[in-house]
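Using my numbering, the first residue of the sequence shown is number 767, and each one after it goes up by one.
Source of the hints: derived by calculation from the structure; they are not laboratory data. Just so you know, these numbers come straight off a predicted model, no measurement behind them. Take these hints with a grain of salt, some might be off.
As the list claims (entries may be wrong) - Straight-line alpha carbon distances no greater than 25 Å define the calculated DSS-like cross-link-like pairs of lysine-lysine that follow:
1. K885 to K782
2. K785 to K885
3. K785 to K822
4. K771 to K885
5. K822 to K771
6. K822 to K788
7. K878 to K782
8. K878 to K785
9. K878 to K788
10. K878 to K822
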Amino acid sequence: MVRFKNRYLLMEMIWKDGKIDKTIDNQQMLFILRDAMLENFGTHGAGSVLSSLQVKYYNPVTSLLIIRCSRDSMREVWCCATLLSSVRHRTVLIRMVHHGGTLTSCQEVAVKYSQQVLKRLSAALQGQAGNAESDIMSLDL
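Produce the entire structure from the sequences given, and follow the hints as far as they go.
Printed below as a string of structure tokens:
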């Protein structure tokens, strides 16, 4: 018996306007990827990839996406996702963060990546809070 080899792709969606769209879910992301596969690789290319394509995780707040595909079609899925330039008439940039052979490895990297992003955001906000505090204290009443 032959084992079916999967690959898991962890991707970050960077929205140009910076807004969070909570109406997009796993199923809609799968439809978006399927349409992009048809557009970029035609019916034959899309047909060979779509049998194994699945969106395992999408979080609109962190903009992280985990996609499962077959090992043979990983490059096509990666290419198709990075070629996406708009989703629902909003400009987006999709960036590969990690790819691995197990879902667990992608989940671990996603947690670490989210923690790094939160640290950067909190440091930036603390810097802004410090500036705001000094601005308020310097006001003449």
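(message) Hints numbered earlier in the text: which of these fail when held up against the supplied structure?
(response) Violated hint: only 4; rest satisfied.
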